[in-house]
Amino acid sequence: MRKIFKSVFLVSLFTAPVAVPISMLHAQPHTHAGRSHDHPLPAQGVGHRHGNGAPGIASGGKAPAKRVQQQPARPKQPNNNQRRNPGIANNANTELQRAYKAKNYARVYQIASGYAKRGDPAGQYVLGQLFLLGQGQKKNPQTAFGWFKKSADKGHPGSQYLLGSLYATGQGTRKNLQQAFKYYKLASNAGIPDAYTSLGIMYENGEGVKKHLPTAIKYYELAANKGVTNVQLMLGERYVKGVGVKKNPTKGFNYVKMAQRSGATGATYLLGVLYANGIGTKKNPAQAFKYVSIAAKKGNRDAQYDLASMYAQGLGTKKNMGQAINWYKKASAKGVALASHNLGLIYLQGMGTAKNEKAAFSWFSKAAKKGLPISQYFMGDLYVDGVGVAKNHGQALNWYKKSAAQGLPAAEYSVGAMYANGYGTKKNIATAKQWFQKAANHGSPKAKQALAMLKQRGL
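So the sequence shown is numbered by the working numbering: it starts at 193 and just counts up by one.
In short, the hints are calculated from the structure, not lab data.
No incorrect hints appear here.
Computed list of lysine to aspartate or glutamate pairs in EDC-like fashion (alpha-carbon distance at most 16 Å, straight line): (1) Lys-443 to Glu-413; (2) Lys-583 to Glu-549; (3) Lys-377 to Glu-396; (4) Lys-374 to Asp-345; (5) Lys-377 to Asp-345; (6) Lys-377 to Glu-399; (7) Lys-374 to Glu-399; (8) Lys-550 to Asp-577; (9) Lys-449 to Glu-413; (10) Lys-410 to Glu-396; (11) Lys-367 to Glu-399; (12) Lys-438 to Glu-413.
Source: prediction; values computed, not measured.
Throw the hints in and build the complete structure from the sequences for me.
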């Protein structure tokens, strides 16, 4: 039994509908610069949309936020415009900023405590942050809670938000979702974007308030319109797929575009995906290439895979198999099995590089060991024909079975053929017929022909 290898096909996002994961957001109980995370794509550490700013001090830098599973809201710093301390005199605030930048937390504490002890809510807020983050003081959520409570009850929006976050997670106090909702609501009245996000999460999950998705979406949209990148991206995904909202690809595209302006890698990649597929916008391969390329260069593995496919097919750019190989290798190194598979195809056919059957076998093997059924099937072919490896029908049957177990009709047919011919196993027509029937049930014309032939022969 000898097989004819299939034509090279480069499995790509551009030959199938885009799969957009729906993600929910949760905030984290500390502030440090985050990194962008891989796609929808999972992606794949903790992301923050705020930089390392001093409490109550404006500081630069936003980082893309991770898309994560649905969870209750947790503490996260309000954005920089929300973290000013209007109650602290300008000259003292300037000195406080300077001290914080120099990591002179003792001086920050000295300045803030003077104001806090006089009942100034901004000073109390700064002290709360120092104790929450363990900056210049031993980390003490209980003490932080106390200062935030004093400040919040005097109407400080940042403290109201963080107090809600502490109640939501039970840090420094007993967990109380009703109290968390109360303080998030107060903070939202002052326009705190992260409070909008937290309220959206609570309404969506029915935590601290009756579950009500339309209200959750309303708060998410308020947060998105205030520039919260991870919410913009999440809404974009929702509207593209119609999950929890009426499907509206155009609106989804617009939210993703808003999110991309922050430089978030996941949003940049997804924008490229939408342009490539013409979802919510006119199909534009050149724009798709632009954004996929940016995300790929930032390390997004799915973008690296798709960039390789664009080079291989000449989509949005001039066809360049050298670049395709380069980007497939980068994606493969990050665990994308299809990238390894496509490299196997390229070396098998000698596309843009010298034909190399041993290299092809090696790449198919990488993908097959990651569980990719089409690669497992190809491994069976390679062992049957002795391409890049010594012929071994036993190994061929083993790989065909792995692929067939995942429902690949061609592999099911091949397992049947091995039993029918006694290759790699004892000849067994009854078992062969079982496998042919499985393949036929999955639409394999060859399996149907094999069953008809066996019937003709009275087998």
